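Asks: Assemble the complex: chain A is given as a structure, and chain B must be docked to it using the hints.
Residue numbers (the numbering used here), protein chains in the order written: chain A, 1 to 207; chain B, 1 to 207.
The hints are simulated quantities; they were obtained by calculation from the structure and are not laboratory data. Take the hints with a grain of salt, since some may be wrong.
Unchecked claim - Result set (DMTMM-like, lysine to aspartate or glutamate): computed pairs, CA atoms no more than 20 Å apart in a straight line: (1) K182/B - D85/B; (2) K182/B - D2/B; (3) K90/B - E100/B; (4) K159/B - D116/A; (5) K159/A - D198/A; (6) K159/A - D198/B.
Stated by the list, open to error - A few chain B residues facing chain A, derived, Cβ under 7 Å: (7) V6; (8) V7; (9) W45; (10) D52; (11) T53; (12) T55; (13) L91; (14) P119; (15) L121; (16) T122; (17) T123; (18) F183; (19) G184; (20) V191; (21) L204; (22) G206.
Quantities reported herein were computed from a predicted structural model and do not represent experimental measurements. Ideal Cβ positions, reconstructed from N, Cα and C, are used throughout, including at glycine.
Protein chains: 2
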Amino acid sequence: MDFFDVVTTQRAIRRLRPDPIPDVVLRQIMDAAVCAPSGGNRQGWSFVVIRDTATRARLGALYREAWGELMNVPYYRDAAAAPPDSPAGKLVASARHLAEHLGEAPVLVLACIAADGAPTLTTGASIYPAVQNILLAARALGIGSCLTTIHRFRDAQVKELLGIPAGVETTALIPLGYPLRKFGRPPRRPVAEVAFADRWGRALAGA
Amino acid sequence: MDFFDVVTTQRAIRRLRPDPIPDVVLRQIMDAAVCAPSGGNRQGWSFVVIRDTATRARLGALYREAWGELMNVPYYRDAAAAPPDSPAGKLVASARHLAEHLGEAPVLVLACIAADGAPTLTTGASIYPAVQNILLAARALGIGSCLTTIHRFRDAQVKELLGIPAGVETTALIPLGYPLRKFGRPPRRPVAEVAFADRWGRALAGA
Numbered sequence: 001m002d003f004f005d006v007v008t009t010q011r012a013i014r015r016l017r018p019d020p021i022p023d024v025v026l027r028q029i030m031d032a033a034v035c036a037p038s039g040g041n042r043q044g045w046s047f048v049v050i051r052d053t054a055t056r057a058r059l060g061a062l063y064r065e066a067w068g069e070l071m072n073v074p075y076y077r078d079a080a081a082a083p084p085d086s087p088a089g090k091l092v093a094s095a096r097h098l099a100e101h102l103g104e105a106p107v108l109v110l111a112c113i114a115a116d117g118a119p120t121l122t123t124g125a126s127i128y129p130a131v132q133n134i135l136l137a138a139r140a141l142g143i144g145s146c147l148t149t150i151h152r153f154r155d156a157q158v159k160e161l162l163g164i165p166a167g168v169e170t171t172a173l174i175p176l177g178y179p180l181r182k183f184g185r186p187p188r189r190p191v192a193e194v195a196f197a198d199r200w201g202r203a204l205a206g207a
Numbered sequence: 001m002d003f004f005d006v007v008t009t010q011r012a013i014r015r016l017r018p019d020p021i022p023d024v025v026l027r028q029i030m031d032a033a034v035c036a037p038s039g040g041n042r043q044g045w046s047f048v049v050i051r052d053t054a055t056r057a058r059l060g061a062l063y064r065e066a067w068g069e070l071m072n073v074p075y076y077r078d079a080a081a082a083p084p085d086s087p088a089g090k091l092v093a094s095a096r097h098l099a100e101h102l103g104e105a106p107v108l109v110l111a112c113i114a115a116d117g118a119p120t121l122t123t124g125a126s127i128y129p130a131v132q133n134i135l136l137a138a139r140a141l142g143i144g145s146c147l148t149t150i151h152r153f154r155d156a157q158v159k160e161l162l163g164i165p166a167g168v169e170t171t172a173l174i175p176l177g178y179p180l181r182k183f184g185r186p187p188r189r190p191v192a193e194v195a196f197a198d199r200w201g202r203a204l205a206g207a
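Looking at chain A on its own, in the form it has when it is part of the complex (with noise of 0.2 Å):
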């Protein structure tokens, strides 16, 4: 596929179906995850495919009760009580379906990352653009896909299932599977409401 049709139709599908992902999809989508970058070229990242269906059955259940967490957030909250039919009552139907299935999703990968200390904001520009890879290869391959890190909720509870080691934060949970609906453009403010020329709150001319 090209790669502007690629980039520009990858959205969030958190509807997905339960079929396997064949092994040599799987194996593209993960070298397109390894070639991103990290600071330093340190790579310090590693990735949990999980297709067991205990596994994934035990990471469903934390990921509902998750989701339980989030609706106390008050941004989360009030989006749940938009109009079922508005773009935030659409992503909460949405993404509450994906709560309450994220187990079926025929394959899970837990993006982690290796942290000296506390985690900050750019330890995630070592790792978050790895899952963009992610996301975007499996766009290409026609797979649905979305970026969740509500998992960090029950994170000592995935940690242990998993068997993730001190000095690694797990970063994003991000199901894989066919999509039940269609790939497309998603839902964004344009380029001339969040780009500035030269300096903050100015207009860029073409935008």
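Replies: Below, chain B alone, put in the same frame as chain A:
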């Protein structure tokens, strides 16, 4: 360009020509950026696109100072002592070139994210996917780039120079320009070394 040709040949390009980047090309790069995911689809991102000569020169001077600070960090100090033809030695030579010439890149993009309170690791999940889209889209269009974060050693000065308001974090400074050297597969550990099956430490068959 084919998606996998882009994603597997995007690598840090730190030696850039000063030739300008056409507006239409820049526009396509920024459009890729805003297609990225963000937590709750909040899109709390902003991008300051710097082409003004004096502003680039001042950012270049601040970046050079930041480089000096980085060389006090043990990991990078050790890398700077590596043989010039070793991977670490080559990386440092390339990064030093960038430190001395950042302000000569025709475009610098400062990626920012709104953060309520102190940013965390997962704050990065809402901006570094967009940053990765910038790097990939640039590569698809034949433009070199790299992800840098060391401007944060001079964060207050950078924010003042560009008028970044309170409650907004700077996350990456990305130089863009036509490359002096070739694109190609970046030096990375293979998937088999960094991906596990179902549980930390368990080999992923076929990886």
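Asks: For the pair we were handed, K159/B and D116/A, check the Cα-Cα distance against 20 Å.
Replies: violated (27 Å)
Asks: Run the distance test for K90/B versus E100/B: straight-line Cα separation, threshold 20 Å.
Replies: holds (15 Å)
Asks: If you take the shortest Cβ to Cβ gap from W45/B to chain A, is it below 7 Å?
Replies: Given a least distance of 6 Å, the restraint on W45/B holds.
Asks: Closer than 7 Å between Cβ atoms is the bar; does V6/B clear it against chain A? Give me holds or violated.
Replies: Cβ of V6/B sits 5 Å from chain A, so the hint holds.
Asks: Please check whether G184/B passes as an interface residue: C-beta within 7 Å of a C-beta belonging to chain A.
Replies: violated (11 Å)
Asks: Less than 7 Å between beta-carbons is the criterion; does L91/B satisfy it with respect to chain A?
Replies: holds (6 Å)
Asks: When you check the alpha-carbon spacing of K182/B and D85/B, does it fall within 20 Å?
Replies: Holds, at roughly 18 Å.
Asks: Is the hint on T123/B kept, meaning its closest Cβ partner in chain A is under 7 Å away?
Replies: Result: holds, 5 Å to nearest chain A Cβ.
Asks: Could you check if T122/B really has its C-beta closer than 7 Å to a C-beta on chain A?
Replies: Nearest chain A Cβ about 5 Å off; hint holds.
Asks: Would you check whether F183/B satisfies its interface hint, that is, whether its CB is within less than 7 Å of any CB in chain A?
Replies: Since the shortest Cβ distance to chain A is 12 Å, the answer is violated.
Asks: Holds or violated: is the Cβ of T55/B closer than 7 Å to a Cβ in chain A?
Replies: This interface hint holds because 5 Å falls under the 7 Å limit.
Asks: Holds or violated: is the Cβ of P119/B closer than 7 Å to a Cβ in chain A?
Replies: With Cβ-Cβ at 4 Å, under 7 Å, it holds.
When held up to the earlier numbered hints, the structure conflicts with 4, 5, 11, 18, 19 and fits the remainder.
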